Structure formats: C-alpha cells, structure tokens
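Student: Residues per chain, in single letters:
There are 2 protein chains.
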Amino acid sequence: MFDFEITAKNNHARTGIFSTPHGNLITPVFAPVGTQATVKTLTPEHLKEINASLVLSNTYHLYLRPGDELVRDMGGLHKFMGWHRPMLTDSGGFQVFSLAQTRKIDDDGVTFKSHIDGSTHRFTPEKSIAIQENLGADIIMAFDECSDPNDHAYTRLAMERTHRWAERSLQARTRSDQALFGIVQGGVDMDLRAESARFIASLDTPGIAIGGLSVGETKQEMHEALDVVIPLLPEDKPRYLMGVGTPEDLIDGVARGIDIFDCVLPTRLARHHSAFAPEGRLNLMNASFARDQNPIDAGCDCYTCRTFTRAYLRHLIVAKELLAGTLISIHNLRALMRLMEQIRHLIGNGTFEAHIPELLSLWSNNAKRIKHEG
Amino acid sequence: MFDFEITAKNNHARTGIFSTPHGNLITPVFAPVGTQATVKTLTPEHLKEINASLVLSNTYHLYLRPGDELVRDMGGLHKFMGWHRPMLTDSGGFQVFSLAQTRKIDDDGVTFKSHIDGSTHRFTPEKSIAIQENLGADIIMAFDECSDPNDHAYTRLAMERTHRWAERSLQARTRSDQALFGIVQGGVDMDLRAESARFIASLDTPGIAIGGLSVGETKQEMHEALDVVIPLLPEDKPRYLMGVGTPEDLIDGVARGIDIFDCVLPTRLARHHSAFAPEGRLNLMNASFARDQNPIDAGCDCYTCRTFTRAYLRHLIVAKELLAGTLISIHNLRALMRLMEQIRHLIGNGTFEAHIPELLSLWSNNAKRIKHEG
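If you read the protein sequences in the order shown, they are chains A and B. Our numbering applies: residue 163 is where the first sequence begins, and numbers increase by one. Our numbering applies: residue 163 is where the second sequence begins, and numbers increase by one.
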C-alpha cells in the first residue's frame with residue numbers, strides 16, 4: 163500500500179502511480195474539493211463521468227458538521243458520501259487559521275470558535291489525526307500552522323511548531339491504511355522553506371505536502387518556493403501542492419515536479435457563472451450569450467458541452483436556476499481533468515517540457531487566480 | 163401522429179399509448195414539472211434515470227424569460243433544454259391568473275404585469291398558441307381562464323370565455339405536429355362542469371384537459387367534478403388532469419379514467435427536505451435522522467436510495483448543501499414513477515380496481531396536498 167511508482171519523467175515533471183486502499187491514483191492528478199462531504203451541486207456519478215480519481219474533503223468542516231464520530235459510525239467518509247475512489251482530508255489547520263473565529267495558538271494546539279455557532283473547540287495534532295482517522299480518507303495530513311507570509315518572526319515560529327506537530331501527528335496515528343503526509347511550511351522565506359523541506363523530508367511518510375502557498379503571495383514567490391523545496395524532497399514520494407490551482411498553476415506545478423493538486427476554483431467559479439473556455443474565462447450571465455448556440459467549449463467532451471448551449475446556460479443563470487451551477491461545475495472540472503490527462507500524455511511521450519509555452523498560452527486567459535477562502 | 167390506443171381497461175381506469183413526435187407516452191403517466199425549461203436541480207440524465215417520459219414546462223415563465231422567440235431560434239424547447247422525449251406546455255392562463263400582477267381580463271384576452279419586473283404584457287388565445295408553437299412542445303393547451311371556484315357567476319363567465327378561447331385557439335394553430343388539448347373548466351359547479359365537458363368534447367382535439375382543480379376545492383369536490391366530467395368525454399382521447407397531484411390523487415384520478423397528470427409536488431417537497439417514504443412523508447432535516455443508516459425507502463430503486471443514507475441527506479440539508487434538493491427530487495419523482503408503473507401493471511393484469519384500497523392505504527401518510535403555486 164502507498165507505493166509510488168514513477169512511470170515517466172520529463173525534466174522535473176513526472177507521471178506516476180500512487181496506490182491507495184481505494185485504488186490507484188495516476189499522477190499528476192487534480193482533486194475536486196468536497197468541503198462538506200459533497201463536491202457542491204454534483205453527485206458522485208457526475209464526478210465519475212468527469213473522470214475524477216481523488217476527492218478532497220475538509221476536516222474542520224466535517225468535525226463541526228456532521229461530526230467525525232458520526233461519519234465513522236456511518237461507515238466512514240467514502241461510504242457516507244458515496245465516493246468509493248481515493249479521498250484526501252486536510253488537517254483542519256488551514257481552516258482554523260482562515261475561517262474560525264477568535265483563535266488562540268499555543269505550542270500544544272489551537273483553541274478556536276466555530277464559524278457556524280461560535281462554540282469553542284480545540285485542535286491539537288493528536289485531535290486532528292483522531293478526527294481524520296474517524297473520517298477514514300486514504301491520504302491524511304499532519305496538523306500544521308499556516309502563517310502570514312509577511313511576518314517573518316511568526317513564519318519561523320509557525321514553521322517550527324508545524325515540525326513538532328508533524329512529529330506528534332506521526333506518533334498519534336493508529337491506522338496503517340491511511341497515508342499520512344507531512345506539510346512543508348515556511349511562508350515566502352526561502353531559507354525557512356529549505357529548512358522545512360529538509361525536516362519534513364526526513365520524516366517517515368509516504369508523501370509530502372507543500373502548504374502555505376496560494377494564500378496571498380505572488381506567483382513568482384510561489385514558483386521560487388517550489389524551486390527551493392522540491393529539489394530537497396525525495397524523488398520517490400508523491401508531492402502535493404495544497405489548495406492550488408488555476409490551470410496555469412497546474413502546468414507550472416507539474417513542470418516543477420508536483421504530483422497532486424486540489425482547488426475550489428473550478429467549482430466556485432462555476433457557481434459564480436464563470437466557465438473555462440477557449441477564448442478565456444466566460445461570465446455566462448453576460449447578455450452576449452443569450453442567443454449563443456455554441457457549447458461552452460466545442461472541443462470539450464463533458465456532459466454539459468455535449469448537451470447544452472451557452473444560451474441555455476445563460477437562461478438558467480438569469481432565471482436563477484440552480485442547475486446552472488451543476489452544469490458549469492461539470493464543465494470546469496472536466497476542463498481541468500482534460501488538462502491533466504493531456505499533461506500526463508505529454509510527459510509519457512516525452513514532450514511535456516516542449517509544450518509548456520503552448521499550454522500556458524492556451525490557458526493564459528483562464529489563469530486569473532482567486533483567493534483561497536477555505 | 164397523436165393516435166391514442168387503449169391497451170387495457172379496468173372499470174374506468176385504462177392503460178394506453180399516445181403517440182407524439184418525440185415518442186410514445188405509455189399512460190397513465192405522471193409528468194415532472196420543468197417550469198423554466200428545467201426540472202429544478204435535475205439534469206435530463208436524471209430524468210431519464212427515473213424513467214420520466216413526459217415533462218411539462220410553463221408558457222408564462224418561458225414567454226417572460228428567456229422569451230419564446232429565443233427558444234424557437236435556439237431550435238425549440240426540446241433541443242434548448244436537452245430533453246428529447248415528449249413535452250407538454252400549458253397555456254399560460256393559470257399563471258397569469260395566479261402569479262402575474264394587476265391583470266385585466268376582457269373577452270379578447272388578459273393584460274397583466276410580469277411578476278419579475280412589472281412590465282405589461284397581453285395574452286390572447288392567439289398569442290398563447292403562437293408562444294406555444296414557438297416553444298414547440300408535443301402537447302399544447304388552449305388558452306383558458308381559471309376562476310375562483312367560490313364565485314358562481316364569475317365561474318360561468320370564465321367557463322364561457324374558456325370555450326370561446328378554445329375555439330379561437332384551435333383556429334389560431336398553424337402546426338400539425340403539436341396536439342392541442344381543450345380545457346374543461348366550470349369550478350365546482352357540477353352543472354357547469356357537465357356543460358364544459360360537453361362543449362370541449364365536441365371540439366376536434368386529440369386530447370382533453372381538465373383544469374381548475376387542485377386550486378382550493380376539497381378532495382370530494384374534485385372527485386365529484388371528475389365523476390361528472392369524465393363520462394361525458396370521448397373514450398378514445400387521452401384525459402389530462404392539470405396540476406394534480408399527490409400520490410393519492412394519482413390513484414384516485416386513474417381510477418376515474420385520467421391518463422395524464424403533472425404536479426410540482428414531488429420536486430417542491432424535495433427542496434423543502436420532504437421525502438416520500440413507506441412510513442409517510444419524512445422531513446429529513448429532523449434530528450432523528452442524524453444517524454439513520456437506511457435509505458429513504460429500502461424498496462426504492464432510485465439512485466438516491468441505492469447510494470445514500472438518510473443520515474447523509476440530513477447532513478446535506480443541515481450543511482445547506484444544494485445536492486440535498488437534487489437527491490430528494492430524484493427520489494420523490496422516482497417514487498411517483500414507480501407508483502405509476504405499478505398502477506399500469508395492475509391495470510394490465512386486471513387487478514387495479516381490487517388494489518385501490520391497498521394502494522391508498524400504502525400512500526395515505528404521503529397524501530397531504532399542497533397548494534398549487536404555479
């Protein structure tokens with residue numbers, strides 16, 4: 163279990179197979195986000211149809227609602243949400259720091275108030291692991307602290323705490339059927355990033371996550387951090403860039419050696435009527451689409467593009483019909499799945515590096531980032 | 163086209179095949195309502211999976227948004243919404259009288275203000291038919307006036323106007339690939355109902371609708387009206403009871419000789435977390451379902467019941483996830499489809515009449531009616 167076999171390489175980019183209890187992940191892979199045990203507005207059948215293999219869900223959200231013990235008692239997250247392919251949960255750290263109210267951090271853990279009802283809760287590394295063991299995802303995360311990248315002293319403190327918490331997370335685990343990843347932090351301080359990469363790489367984990375990016379730093383800083391961190395990571399473990407990305411970020415990340423991505427972008431954009439299209443991101447509410455008989459993307463094989471025109475999608479949006487979000491989510495996710503399929507194909511035949519400029523140019527109009535809101 | 167072949171009879175109840183340009187309807191049939199060219203929160207694939215054969219859409223809504231000429235120019239309603247089985251549009255009359263603001267009725271037609279933006283519009287029989295021809299459903303309705311059942315003088319006036327408008331609707335039509343049904347009105351005055359049935363039956367139409375029921379009258383009054391009207395209708399034309407019904411109404415209606423039903427009930431209930439279940443209608447938000455590992459109905463073959471527990475559905479509801487409405491809609495619609503399949507089977511083997519008490523008893527806890535809101 164949790165073998166990682168690299169099947170092709172193209173400079174830093176690689177394809178691989180990561181084996182999990184719920185099947186193999188063919189990497190590089192993009193994971194749709196199912197925050198509350200559902201990828202918003204989509205059924206598991208839709209996710210299978212777009213060829214998703216890995217779905218992420220959020221420890222913080224599920225702990226608060228419906229509760230991790232309830233999920234455990236219902237047979238675990240896979241059974242609960244009807245998704246029988248691989249799943250990943252985060253540690254809850256990011257949401258505690260970005261979403262919860264009035265938090266107090268100490269070396270042992272974090273006390274916070276729920277964003278739902280203001281009730282007080284406490285996460286420690288041990289608690290985060292216990293929750294994630296109750297949820298039962300295939301890939302779980304060490305508890306970490308994501309700091310403000312602009313505060314250097316705090317960034318070091320948070321990084322050091324993250325390292326202690328990674329050790330405690332490893333100690334706390336009791337299940338052997340979950341792959342626990344440590345998380346590299348260090349903000350945009352490249353010395354801290356290197357220090358964190360070396361430390362997390364030294365731990366006995368089947369994979370390594372890179373956190374604290376896509377949280378307000380520039381794209382250049384993100385690239386620099388990846389260029390510092392990745393060469394310090396073992397070749398034979400999958401690398402997961404958390405909460406990233408845009409189509410451009412996926413191309414850039416794979417080029418630097420990233421294997422796993424997740425992001426709310428495609429589904430969140432969809433719920434705001436925004437669709438990935440060849441000519442750039444479209445706001446389908448725009449009146450110019452009222453009589454547009456084309457699908458979002460004539461080259462896309464998704465259910466939405468095979469079945470519906472832009473005119474119909476615009477009608478649904480204007481008429482406030484929720485089906486619009488479902489249909490655009492299907493397309494946006496499938497667009498990223500197709501991009502990843504294309505990238506894997508190009509790595510496989512050794513031409514990915516040569517195609518990077520073309521891929522970036524194709525997607526440049528869809529590249530605008532949005533803030534990761536958790 | 164529009165042949166109606168009766169395939170079995172059981173006292174007044176019958177099964178039949180009504181042929182339309184988009185395929186045969188096996189009757190008795192229940193039509194999900196797709197008010198704005200979408201059955202709310204469901205894709206056409208979901209509708210095929212529940213084995214829906216006929217979908218209704220609303221002339222009033224589509225005229226206002228996105229506009230019937232736009233739908234025509236996009237290739238018609240079937241192509242626009244991706245539903246290639248039979249469709250039915252109403253005349254717009256019911257919504258003008260129940261939903262639009264500040265309406266003025268005269269013998270020629272109705273002037274009303276849009277409930278969306280207050281703009282002024284006018285429907286006449288000719289206009290209603292022109293709109294419905296632009297939309298392009300297989301079954302269309304004559305323009306009618308639905309009166310307050312408690313106002314006898316007005317009910318007569320509205321009925322007489324409905325008769326004139328039915329004649330004008332027939333005169334106005336230009337397409338031979340749409341089945342235009344006249345509508346029997348007359349409120350709860352049984353003399354008027356009989357008069358209306360005789361008049362509408364005398365018109366040369368391939369089917370007959372019964373309107374103005376399920377609008378505030380008692381169940382007894384509805385039954386009485388059906389018992390008066392149906393014997394006056396030709397045997398060899400399908401009979402459509404508009405905007406009805408509950409599971410109980412479907413059983414009672416078929417027993418009296420109705421062939422076609424539509425109602426927003428199953429999907430509207432679903433969006434309010436209410437599900438048809440063996441023990442009666444369930445409010446799935448109830449805390450008692452938090453750890454309920456059963457599907458809504460263990461005897462149901464729908465995607466929702468095959469895949470998800472009540473506990474999961476309750477979680478989605480509490481977490482305000484829109485997927486809840488989708489999944490419960492699939493179940494509620496499939497429950498009525500299964501009921502209709504069962505009814506057709508029983509008529510086919512000659513035992514429907516004998517099973518009516520059992521069917522009514524099985525569904526008695528799911529029978530509460532809701533007001534038809536248009």
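Hints in this document: simulated from the structure, not taken from any laboratory. These figures come from a predicted structure and were not determined experimentally. Among the clues, some could well be false.
Claimed, not checked - Facing chain B, a subset of chain A residues (Cβ under 10 angstroms, in silico): (1) PHE164; (2) ILE168; (3) ALA170; (4) VAL201; (5) GLU211; (6) ILE267; (7) MET447; (8) THR469; (9) GLU483; (10) LEU489.
Said to hold, decoys possible - Taking lysine-lysine pairs in the DSSO-like style, the calculated list, with each CA pair at most 30 angstroms apart, reads: (11) LYS266(B) <-> LYS482(A); (12) LYS171(B) <-> LYS381(B); (13) LYS482(B) <-> LYS289(A); (14) LYS241(A) <-> LYS266(A).
Think of the CB as a built atom: it goes at the ideal place given N, C-alpha and C, for glycine as much as any other residue.
Student: Does each hint hold? Answer for all of them.
Tutor: These are the hints, each one checked on the structure:
Interface hint at PHE164(A): violated, since its Cβ lies 28 angstroms from the closest Cβ of chain B, which is beyond the 10 angstroms cut-off. For ILE168(A), the suggested interface contact is broken, since its CB lies about 35 angstroms from the closest CB of chain B, more than 10 angstroms. About 35 angstroms separates the beta-carbon of ALA170(A) from the nearest beta-carbon of chain B, more than 10 angstroms, and the hint is not met. Taking 10 angstroms as the C-beta cut-off, the interface hint given for VAL201(A) holds, the closest approach to chain B being about 9 angstroms.
Checking GLU211(A) against chain B: minimum C-beta separation of about 9 angstroms stays under 10 angstroms; hint holds. With its C-beta approaching chain B no nearer than about 27 angstroms, ILE267(A) sits outside the 10 angstroms limit, and its interface hint is violated. Because the beta carbon of MET447(A) sits about 12 angstroms from the nearest beta carbon in chain B, more than 10 angstroms, this interface hint is broken. The criterion of a C-beta within 10 angstroms of any C-beta in chain B is met by THR469(A), whose closest approach is roughly 4 angstroms, and the hint holds.
Annotation: GLU483(A) was flagged as interfacial toward chain B, and the flag holds, the nearest CB pair being 5 angstroms apart, inside 10 angstroms. Using the Cβ-Cβ criterion of 10 angstroms, the hint placing LEU489(A) at the interface with chain B is satisfied: the shortest such distance is roughly 7 angstroms. Our distance criterion of 30 angstroms between C-alpha atoms is met by LYS266(B) and LYS482(A), whose separation comes to about 28 angstroms. About 24 angstroms separates the Cα atoms of LYS171(B) and LYS381(B), which keeps this hinted pair within 30 angstroms; it holds.
For a cut-off of 30 angstroms, the pair hint linking LYS482(B) to LYS289(A) stands: about 26 angstroms separates their Cα positions. Our distance criterion of 30 angstroms between C-alpha atoms is broken by LYS241(A) and LYS266(A), whose separation comes to about 35 angstroms.
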